[in-house]
Structures are given as C-alpha cells and as structure tokens.
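Engineer: Sequence:
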Amino acid sequence: MLLRWDLFLFFLFLVGEICLQPRILQAENLSDDLNLDELEHQRYQKIQQKQNAQKKRNEVFGKERGVLKYLQEIEIEMAALQLELKSHLNNIEIQKKKKKRIEQELLELRDRHLNYQKQAAKRITSIYKMGYRSRLNNQHQIVRLLMTSEGLVDLFTKYQYANLIVKSDQQLMANLISQQEAIKSTYIQLQKQVSTIETTTEAIKTKQKNLSVRKQRRKKLLDDYRTQRSTYDQVIKELRQAVIELEEALGILSTDTLMVKADRIRGIGIHDQGQLNWPIKGKIVKNQNPFDRGTTIRPITNKIGPSKVRSIAGGIVGKVIDSVVGYGNTVLILHGNAYTSVYTHLSTVDVKIGNVVTANQVLGQVGESGSLIGEVLYFELWHNYVPLDTAQWLER
6 MLLRWDLFLF FLFLVGEICL QPRILQAENL SDDLNLDELE HQRYQKIQQK
56 QNAQKKRNEV FGKERGVLKY LQEIEIEMAA LQLELKSHLN NIEIQKKKKK
106 RIEQELLELR DRHLNYQKQA AKRITSIYKM GYRSRLNNQH QIVRLLMTSE
156 GLVDLFTKYQ YANLIVKSDQ QLMANLISQQ EAIKSTYIQL QKQVSTIETT
206 TEAIKTKQKN LSVRKQRRKK LLDDYRTQRS TYDQVIKELR QAVIELEEAL
256 GILSTDTLMV KADRIRGIGI HDQGQLNWPI KGKIVKNQNP FDRGTTIRPI
306 TNKIGPSKVR SIAGGIVGKV IDSVVGYGNT VLILHGNAYT SVYTHLSTVD
356 VKIGNVVTAN QVLGQVGESG SLIGEVLYFE LWHNYVPLDT AQWLER
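To convert, note that position 196 of the sequence shown is 201 in my numbering; the numbers rise steadily by one, no gaps.
A few of these clues could be false.
[To be verified] Pairwise CB distance ranges (calculated):
hint: 1; residue 1: 271; residue 2: 367; range: 17 to 25 Å
hint: 2; residue 1: 110; residue 2: 225; range: 45 to 53 Å
hint: 3; residue 1: 222; residue 2: 91; range: 30 to 38 Å
hint: 4; residue 1: 276; residue 2: 210; range: 56 to 64 Å
hint: 5; residue 1: 185; residue 2: 311; range: 53 to 61 Å
hint: 6; residue 1: 213; residue 2: 183; range: 38 to 46 Å
hint: 7; residue 1: 363; residue 2: 275; range: 19 to 27 Å
hint: 8; residue 1: 228; residue 2: 109; range: 49 to 57 Å
hint: 9; residue 1: 180; residue 2: 109; range: 36 to 44 Å
hint: 10; residue 1: 367; residue 2: 82; range: 23 to 31 Å
[Said to hold, decoys possible] Derived EDC-like pairs (lysine to aspartate or glutamate); straight-line CA-CA distance at most 20 Å:
hint: 11; residue 1: 291; residue 2: 186
hint: 12; residue 1: 189; residue 2: 108
hint: 13; residue 1: 288; residue 2: 373
hint: 14; residue 1: 286; residue 2: 394
hint: 15; residue 1: 212; residue 2: 108
hint: 16; residue 1: 286; residue 2: 380
hint: 17; residue 1: 102; residue 2: 203
hint: 18; residue 1: 74; residue 2: 228
hint: 19; residue 1: 210; residue 2: 98
hint: 20; residue 1: 197; residue 2: 186
hint: 21; residue 1: 189; residue 2: 116
hint: 22; residue 1: 313; residue 2: 400
hint: 23; residue 1: 104; residue 2: 116
hint: 24; residue 1: 189; residue 2: 89
hint: 25; residue 1: 313; residue 2: 327
hint: 26; residue 1: 313; residue 2: 355
hint: 27; residue 1: 220; residue 2: 380
hint: 28; residue 1: 214; residue 2: 78
hint: 29; residue 1: 288; residue 2: 380
hint: 30; residue 1: 101; residue 2: 207
hint: 31; residue 1: 224; residue 2: 373
hint: 32; residue 1: 220; residue 2: 203
hint: 33; residue 1: 324; residue 2: 268
hint: 34; residue 1: 220; residue 2: 78
hint: 35; residue 1: 197; residue 2: 98
hint: 36; residue 1: 197; residue 2: 110
hint: 37; residue 1: 127; residue 2: 116
hint: 38; residue 1: 210; residue 2: 89
hint: 39; residue 1: 212; residue 2: 78
hint: 40; residue 1: 210; residue 2: 82
Quick caveat, the hints were computed from the structure, so don't treat them as lab data.
Only a predicted model underlies this, so the values are computations on that prediction, with no experimental measurement involved.
Note that beta-carbon positions come from the ideal geometry of N, C-alpha and C, so glycine has one too.
Assemble the whole structure, with the sequences as input and the hints as a guide.
Structural biologist: Structure follows, in structure tokens:
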C-alpha cells in the first residue's frame, strides 16, 4: 500500500510537470518578446533623439544665413565678378586694337580714293581739252584720229593706243567706284566696333559697380563682426560648425590611390618634428576661430606682391576646395605616413588635385577668403586625422 502511494505521488508530480511546462515556456517566450520590444523601443528613442538633435542643430545653423556663409557667398560673387571684369577688360583691349586697325585701313582707303579722284580729274580735263566729238562736224575725235592714219601699220598702232586709253579710263572709274564701296563698308565696320566698345564699356561699369557693392557688403559684415556682440556670438557658433565641416572634409579628402602614392613619397615622419619649413614668413597671430587647433600667420607685407604659400614638405595634392565656410580657398597635401597639411584663406591656388609637390613648392598666394581678420594663412598639420600642435613641428 505504501508503494502504491509513492507511485501515486510520483504520477502527480509528472502530471504537474507536463502541465506546467507549456506555461513556463510561454512565460519565457513572453519575457523574450518583452526584452526585444524594449530594445526596439530604446533604439527608436535613440533615433528620435538623434533626429531631434539634428533638427535643433539645423535650426540653429539654418534659421538664418550665417555670417560666415554670407561672407562665403559674397566672396564667391566677388570672384566671379572679377573674372568677368577681367574678361571684359581683355575684350575691350582687343576691340580697341581692332578699331585702331580699321581706322588705319579707312585712312589708307581715303588716301587711295583721293589719289584716284585726282587721276580721274586730270583725265576728265584731258578729255575735255581733246574733245571726243568735233565741234564742226560732230565727229568722234578718236575715229578722226584713226581715219588720219597713214597706212595699216599706223592705223593698227593708233588703234592699240586708243584701246589702252579707253581701258585705262574704264579701270580708273572701276577703281574709283570700288574704293567708294570699300570706304563705305569699312566705315560701317568702324561704327559697329565703336558700338561694341560702348556696350563693353557699359558692361565694365556695371561689373565694377556690382563689385563695389559686394566689397561694401563684405566690409559692413566684417565691421559688424568686430563691433556687434550678437553678431560675434553667432559667428562663434558658426565657427564651431566650420571646424566640424573642415574635419569632415579632411576625413574624406582623397582616394586610396592618392594615399598609396603619398606613402611612397613619405614627405613627413616623426623625425621631422621641429624641422619642417614654414608655409610663409610672417607673424603668428590669434586664430579667428577659438576652436581651431592650428596656427594663423599674418604675412610680412611687401611691395613686390602677395606672399606665396609654400608646402612644408613633399607630398601629393589630396584636395583643392574652392570655398570652405570660415576658411575660404583651401588646399590639403598628403605627405605619406598618414600626415596631412592644411592651408586655408588662399587668394589664388596654383596646384590641382593629384599634383606631386616638393618641399617649398608654391601652392598659391595668401589672401583673405573666408577670413574675418584680414590677410592671413591658417595652417594645420594632421596625423591619422588628428590635429597636431603645429608649433612643435615647424622649424624653430
């Protein structure tokens, strides 16, 4: 009887296990589903937070055209106007030379025409004196001349002379008419050229006026930056964003092919610390951007012309950016060993992407594109996309 009771209890245990097992599994599955839902919810929240942060960031930097962005737009417009103005000035020089040539040609035509007129006047006078018809018998003088010939030989000779005279008279009149037409045509060309010069001159005046307006806008913008605190605070925000954009540009600056070529050059290594050439000669000044980690150099002014920006070492041109907000025209040089140098605020750029450069080779001219503090060069040195202390690397 005791054995049967034990079996009965064991049977109840088995039945309980069998009945409870699905519920346990269901609870575990439910717990797993809850964990997955929670993770998905957390991921969604993070995405939303990121999107909201990006939206707020865009509102801060995109609510109004920022000072640096506006400065960039003005400088791009000024550069385009200067190119157009240069083209118009070159064009008007060509047009003036053409006008001068046409005037000289017209003068020669008039002199030639005057000479033909004199010849024609003399010929008319001679004909009048000789007379084509006799006053007595209304007989043509040339016919009478031929009729007075003494034999066939004399007749033939006089006929030839008479024929030459007639042809000469005809050619003289034809030349006179031709010169008149040439003078008329050349004069029309001259008038068209004068009209073209006047149109180009007006275009030059318009471009100069537009350029002057852009310069005044740029000056006002810089004056506001230097005098108005609110504008300055806005610029500080934009400068922080400009640093981020420059670093992003540097991070995607070139292809693997250029990187491989630069590694073959190996223009900079750890042993070059404190020995690299300066990109320009000048005085180190405070960075316009408090978030910059490079060096700003104001060039030594001279009467020869703008200071030339030179590469600190051998390398390959990895990027040429026409206009970076807050930095203007920018050149990036790959030196191998994961070193990259950055040159900004250039007025002109003399190299192209992929060019191999040597140490001290001219990259362009220092300028004030994107600059709020005048003509300067802002320079950075990077290693593995991390900015270095440039003062520790340049020659001391």
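Engineer: Against each hint, give a clear statement of whether it holds in the structure.
Structural biologist: Verification of the hints:
1. 271 - 367: 17 to 25 Å: Roughly 22 Å apart at Cβ, these two residues keep to the hinted range, so it holds.
2. 110 - 225: 45 to 53 Å: holds (51 Å)
3. 222 - 91: 30 to 38 Å: violated (21 Å)
4. 276 - 210: 56 to 64 Å: 58 Å Cβ-Cβ, so the 56 to 64 Å window holds.
5. 185 - 311: 53 to 61 Å: At 56 Å between Cβs, range holds.
6. 213 - 183: 38 to 46 Å: At 44 Å between Cβs, range holds.
7. 363 - 275: 19 to 27 Å: Given about 21 Å between the Cβ atoms, the range holds.
8. 228 - 109: 49 to 57 Å: With a Cβ separation near 52 Å, residue 228 and residue 109 satisfy 49 to 57 Å, so the hint holds.
9. 180 - 109: 36 to 44 Å: violated (20 Å)
10. 367 - 82: 23 to 31 Å: holds (27 Å)
11. 291 - 186: Answer violated: residue 291 to residue 186 is near 72 Å, above 20 Å.
12. 189 - 108: holds (12 Å)
13. 288 - 373: holds (16 Å)
14. 286 - 394: holds (18 Å)
15. 212 - 108: Between residue 212 and residue 108 the Cα gap is close to 29 Å, so the pair fails against 20 Å, i.e. violated.
16. 286 - 380: Cα-Cα ~13 Å, so holds.
17. 102 - 203: holds (14 Å)
18. 74 - 228: Cα-Cα ~16 Å, so holds.
19. 210 - 98: Holds, because 15 Å separates the two Cα atoms, which is no more than 20 Å.
20. 197 - 186: holds (17 Å)
21. 189 - 116: holds (14 Å)
22. 313 - 400: Holds: residue 313 and residue 400 sit about 18 Å apart, inside 20 Å.
23. 104 - 116: holds (18 Å)
24. 189 - 89: Cα-Cα ~34 Å, so violated.
25. 313 - 327: holds (17 Å)
26. 313 - 355: holds (10 Å)
27. 220 - 380: holds (15 Å)
28. 214 - 78: holds (17 Å)
29. 288 - 380: holds (12 Å)
30. 101 - 207: Roughly 15 Å separates the two Cα atoms, so the pair holds.
31. 224 - 373: Holds: residue 224 and residue 373 sit about 12 Å apart, inside 20 Å.
32. 220 - 203: Answer violated: residue 220 to residue 203 is near 26 Å, above 20 Å.
33. 324 - 268: Measuring from Cα to Cα gives roughly 16 Å; hence the hint holds.
34. 220 - 78: holds (12 Å)
35. 197 - 98: Distance of about 16 Å is within 20 Å: holds.
36. 197 - 110: Holds - the C-alpha atoms of residue 110 and residue 197 are around 15 Å apart, at most 20 Å.
37. 127 - 116: holds (17 Å)
38. 210 - 89: holds (12 Å)
39. 212 - 78: holds (17 Å)
40. 210 - 82: holds (16 Å)
The structure fails to meet hints 3, 9, 11, 15, 24, 32 from the earlier list, while all remaining hints are met.
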